[in-house]
Amino acid sequence: MTALPETTDKKLGLVIDLDTCVGCHACVVACKGWNTENYGAPLSDVDPYGGDPVGSFLNRVHSYEVEPKDGPAQVVHFPKSCLHCEDAPCVTVCPTGASYKRAEDGIVLVDESACMGCGLCAWACPYGAREMDQVAGIMKKCTLCVDRIYNENLEEVDRVPACVRTCPAGARHFGDLGDPDSDVSKLVAARGGIDLMPEQGTKPVNKYLPPRIKDRISRTQAALEPVADTPTGLLGWVDRALEKL
Amino acid sequence: MIPRQPQIDTSPPVSDEIRKTTCYMCACRCGINVHMKDGEVAYIEGNRDHPVNRGVLCAKGSAGIMQVTAPSRLRAPLKRTGPRGSGEFQEISWEEALETAVQWLEPIRKSNPEKLAFFTGRDQSQSFTSFWAQNFGTQNYAAHGGFCSVNMAAAGIYTMGGAFWEFGQPDWEHTKLFMLFGVAEDHDSNPIKMGIGRLKERGAKVIGVNPIRTGYNAVADEWVGITPGTDGLFVMALIQELLKAGKIDLAYLSQFTNAPVLVDCSEGQATSGLFLRDEAGKALVIDRATGKPAPFDQKGVKPDLNGRLERDGTVYRSVFQLLVERCLEPHYAADAVAERCGVPADRIRAIAAEIARVAFEEAFSLPVAWTDFRGQTHAEMVGRPVSFHAMRGISAHANGFQTCRALHILQILLGTVEVPGGFRFKPPYPKPVEAHPTPHSKSLPDRPLDGPHLGFPRGPEDLALRDDGTPARIDKAFSWENPMSVHGLMHMVIANAHAGDPYHVDTLFLYMANMAWNSSMNTAGVMEMLTDTDENGDYVIPRILYSDAYSSEMIAYADLILPDTTYLERHDCISLLDRPICEAEAAADAIRWPVIEPDRDVRGFQSVLIDLANRMKLPGFTDEDGNAKYTDYADYIVKHERKPGIGPLAGFRGNGSETGRGAPNPQQLDRYIENGGFFVAHIPQGADYYKPWNAAYQDWAVGLGLFDAPQPYLFQLYVEPMRKFQLAAEGHGDRQPPDHLRERIKARIDPLPLWYPAHAEADDSYSIHALTQRPMAMYHSWGSQNAWLRQIHGVNPLYLPTALWREHGFEDGDWARVTSPHGEITVPVAHHGGLNAETVWTWNAIGKRKGAWALSDDAPEATKGFLLNHLIHELLPERADGLRWANSDPITGQAAWFDLKVRIEKVAPPAEAQPAFGPLKSVVGEGPPILSRHTHANGSRR
Amino acid sequence: MHPAPSVILFTTLSGLGFGLLAFLGIGQPPVTGWVAFVFYVIAYGLAVGGLLASTFHLGNRKNAIKAFSQWRTSWLSREAWLSVFALVAMGLYAAGAVFGSVLIAPIGIIGAALSVATVYSTSMIYAQLKTVPRWNQPLTPVLFLSLSLAGGAMLAAATMVAIPLLVLAGVIQLAWWWQGDRRFGEAGSTLATATGLGAIGTPRQFEPPHTGTNYLMKEMVFVVGRKHARKLRTIAFAAMIVFPVLMLLVSGGHLAAGLAILSHLAGTLISRWLYFAEAEHVVGLYYGAR
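Protein chains in written order, with my numbering: chain A, 1 to 245; chain B, 1 to 942; chain C, 1 to 290.
So that you can see chain A by itself, here it is in the shape it has in the complex (with noise of 0.2 angstroms):
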């Protein structure tokens, strides 16, 4: 089972904008509702108002600041959760067979019921997407709400992840990024998507969307010509146009 299947019929995933995200944390929270409610054990929180809360995300956002050489410093807030790698180093490193990346859509799940919790699947995961519940002791991971995108409880148009579904701002998309022609894939390829730390060689499939160039318009707009400067040569101006009215 944790043998990757070759290839899946579908790459279901995410396409996160980075340039639209303006880090509400509203996926965040949507995600632990749903998530403590639906697939598998609820998402604990350990000394949930005390000095030292501890709960399970299956989904956080983080910010950053990157400063360009020629403009002021930018924060990016970039929200991160289980990418759905191709090439998932956490489903072949897991002893018991409980991770594996579903033969028909891509999604990488945890079988709760074969878990042990040894945690190796989080120790070989580059992007911190899977985190251990400290009271059931077994591991969460984001599922791509694969209780709700096919589920026939659900309208149509709300067979999406939570965290899309909820998303305000609308910098979260969910699609199928195997199908070159799909709007995400479309949107990827428009905006230039990336992969996060390609380097580690996972093939993730959700992609990221980059910021757009920011701070350009002193560069790129010049200064309005006047007309007048002068309170009485503006009117005079004012008088002239209104007869042109």
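It is worth saying that the hints were derived from the structure and are not from the lab.
Glycine is no exception: its CB is placed at the ideal position from the N, C-alpha and C atoms.
Just to be clear, a hint being listed does not mean it is correct.
[Stated by the list, open to error] In silico BS3-like links for lysine-lysine, alpha-carbon gap of 30 angstroms or less: (1) K864/B with K218/C; (2) K292/B with K244/A; (3) K244/A with K302/B; (4) K203/A with K231/C; (5) K186/A with K292/B.
[What the hints assert, rightly or not] Non-contacting residues of chain C with respect to chain A, defined by C-beta distances greater than 12 angstroms in every case (computed): (6) G33; (7) G49; (8) A64; (9) K66; (10) Q128; (11) V132; (12) P141; (13) R204; (14) P208; (15) P209; (16) K231; (17) F243; (18) A257; (19) S263; (20) W273.
Put chains B and C on the given structure of chain A with help from the hints.
Chains B and C only, in chain A's frame:
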């Protein structure tokens, strides 16, 4: 080879039932689907049909389940048993609680109703609470607008009959350049996030003006890291650039604004600076067709922007001429403002040029005909795809009113308000000042107040003053210190009541306002005022009645606690009479209803007010025989009529098919519930832009009951009521300001836009601006009791810009002592490069007092989290004349939180953030050690 | 990586235990009867104790048996099988030695090979992880094996073999440290590659995703001061290699051998603590570590 895989159920049942109601995790009021399993809340998501959020939901909204199960929820009425501030209470019955409240309140009402000061904080039922206060008879009522947004609400409504905040929105579908000023993510947040997402999708440009580059400013294409308090100067420079280049919409200005209205340009007369009006009171313009004066709204009139008239030796000139002269003053030139604003002059010029390019070169038209109030039909709707939005960064400064005015003037000069691609109002706006009430403050024993408390003064005659000229209200709203304080001044109530200035009160009644912590300036001082005793050992503020749902810091300082429900356990209405949830193309309102029943002995506050009103037989709540009109708030929502046929909810009136106007419908709440908890009435196409002047919109608004008759109006580039206050300060009229305020009124309450430094009194040694902003995932103090949200923001460092960081040799993990003229705090610091070089900032209201919110005493919120509030005083330091002026906007009284300036020094890390206060005794204990459960139909719980 | 006692004990003790079993399997020393019994108690105590320690950190021990299922792909699963095979093979061999006073050489040799393979598979659990560049180097299995055999040789009282093996292990340990210190840089992961923001400039963490901690940070972001680490390396090296070699050279007595072994064990434990504590997981980049 396809490996074996487990078979999983990809179609599990999602829930037993979905109950649709309205969120209350912030002021956004999104529609939510509450998924129920086994009668318990299992999951909360956004409601796709809802006009506010269309299915999306923020972190707070999704975390609502943790608010509804929070251990901090109050459980029963409480009577104080220990000294104030100790947190020692005894649980009592509701009957005892209500009878105690009546024993306190009824004698006040019979003798002198103003001895009750009733102020509400995060209240979303202000039309109801004000109705209660009005019927009680006290003038001392307001909600929290005075420390939130009042100067921007006032500037917007006096200028253009509508305001920023959530009262209007950019035309997200058409705008190509969106410029936002000081917009943090705390109001209207989902709609703005959705809008920005839409702009990004279309490749439109966003320019963020904010000292701090986070949130919306992080995704802005251009970030203008302005120095706090100088936005108005920057805007005036943009205006000057545009004016000099003739990049203004002359047709718009002449038709839809008071730019052509004639102003008396004499000096020293009682009419100086007032408009020339005809006998009917209509402002006059010069008609370009005839060259003669004519009423502004006369059919066919072609108002002349450059009008001038001499009559009886007095020269009258158009507002436009005065405005041009003001805006072209050399100190508003880009080069003159650049250094002060922290924005290079060439950048200001480039932004002005970009605004002009998009407004005029990318102008477009919608092929929709419409007829204006002068009867002229326009074949199409001209669109100018530049829009602006502004919030806290403008409002929380002492020059916020005038800054906001300047920004509105910029919008209006470009012709980008209520046009396609520009800024649009949401019903019930547009609504001119004339359609709003004036303030009322006459209280008499055993009588209701003479009218609504809050309103828009037209001049000195509307101020809330006693016969001797002293303030009539405890908060000194509508007094000469802040004549246009249209939301009242909640932040001054405790200080004034403690000082007996203008008088003492007997009972302070607060709702959902954490005044003993993050909702007050000078927090430690407020705690002292609340516990201070007179020479007899009695409390200076004799009785404090408080209602809240949670164990906030304020609980310990009250004498009697009326525990409120959580938002999923109550009825509420989000009413058009109040702060509705409309969109630019639709009127909308909504309800909350008990999707679960409380498991504690708590009651919805509004129902409690009705119970109290019935016990005291308040007029408005009881008939002539003293019989109760309403049994509870739900009953009030359905039955109450403000005017015949107009009630709190506009939908499903009469027989269920009537909208806006109609008899009360006993099934109305059921119909709302069936409809998803809300009601929407769409504005017809052709009526949805140019609303202030659009006959079709005006007729639609009358039909809906927003107005009783069409009331088109002009945008007020020149605000005549302000001139009337100036005239009084110049010595004209019966009502005269005290002498020490005359110069300030003359200088600040200027009918034309201007900029003045927000920190006129500042001591130069405090050179660093200190700001707070509210994180998107938290709302006020509420987030910390939420087990999910507090993991995201459990501590708040003070962020320092690169130069300061290096200058002081800070490193990660360091702490700093921050000093203001009022106090000092010692707090953890962090580095932020995308920050104005003269500014530091932190997240708001993360710091908590030990013992509050059911957190343990070692909670990071209580040991590392901190408030800037300790550095801010409600009064400014003493002036040369010995007076201490309020730390507020002199026009509206808006609390000037963001005028704080500080000094910073590196210090050794203390054990805890300073100042540290002793723990309060928790009235709810502490929360559980572990949360791990899901709701399952089989009843299994972990 | 968090230096959890369970994994430190596991790798150290089972390494020693299987090292001893490997020597016993090739008839070093060729013991039988009661003497053999004592040797096997020590060897099994260490090997099985180590294996048991490794289960302490399991979140859900009831599924531990499933760890045998994925031998095709998982080094941990392979280790489970190999250890069982090794223990069974050596068990048979031991039974012969203890109860029958016979040394069945073919079984012993198979058992020894399986013991070595077990140690190799243990090392590969770590060495395979690209996410921890310090471990992801060819010398990692060599280090584990050389320490296991050196320790095994000491326990087997094969002094003349133990000394060169200790020296060899010491050289490898030094080479491993030297190489390990370079591995993170060589692997090429930075916050820039982790975020893809390198095209704009050099990114740094502005705010963590949560102000508190989490499983990832507790498990994989462990910071040990450089000075502190250098001191510990010196102590570990002295205790693990230098002192035992000196003791073995100076004296052939039981006391010296015992002290050498205890010193070696203590040094190995410190070295293993460092093995985890100094290992930086690339996920730390996302949390501003490094």
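Evaluated hints:
| no. | hint | result |
| --- | --- | --- |
| 1 | K864/B with K218/C | holds, 21 angstroms |
| 2 | K292/B with K244/A | holds, 20 angstroms |
| 3 | K244/A with K302/B | holds, 13 angstroms |
| 4 | K203/A with K231/C | violated, 40 angstroms |
| 5 | K186/A with K292/B | violated, 62 angstroms |
| 6 | G33 | holds, 38 angstroms |
| 7 | G49 | holds, 18 angstroms |
| 8 | A64 | violated, 5 angstroms |
| 9 | K66 | violated, 4 angstroms |
| 10 | Q128 | violated, 7 angstroms |
| 11 | V132 | violated, 7 angstroms |
| 12 | P141 | holds, 16 angstroms |
| 13 | R204 | violated, 6 angstroms |
| 14 | P208 | violated, 7 angstroms |
| 15 | P209 | violated, 4 angstroms |
| 16 | K231 | holds, 27 angstroms |
| 17 | F243 | holds, 33 angstroms |
| 18 | A257 | holds, 36 angstroms |
| 19 | S263 | holds, 31 angstroms |
| 20 | W273 | holds, 17 angstroms |
The earlier numbered hints that this structure contradicts are 4, 5, 8, 9, 10, 11, 13, 14 and 15.
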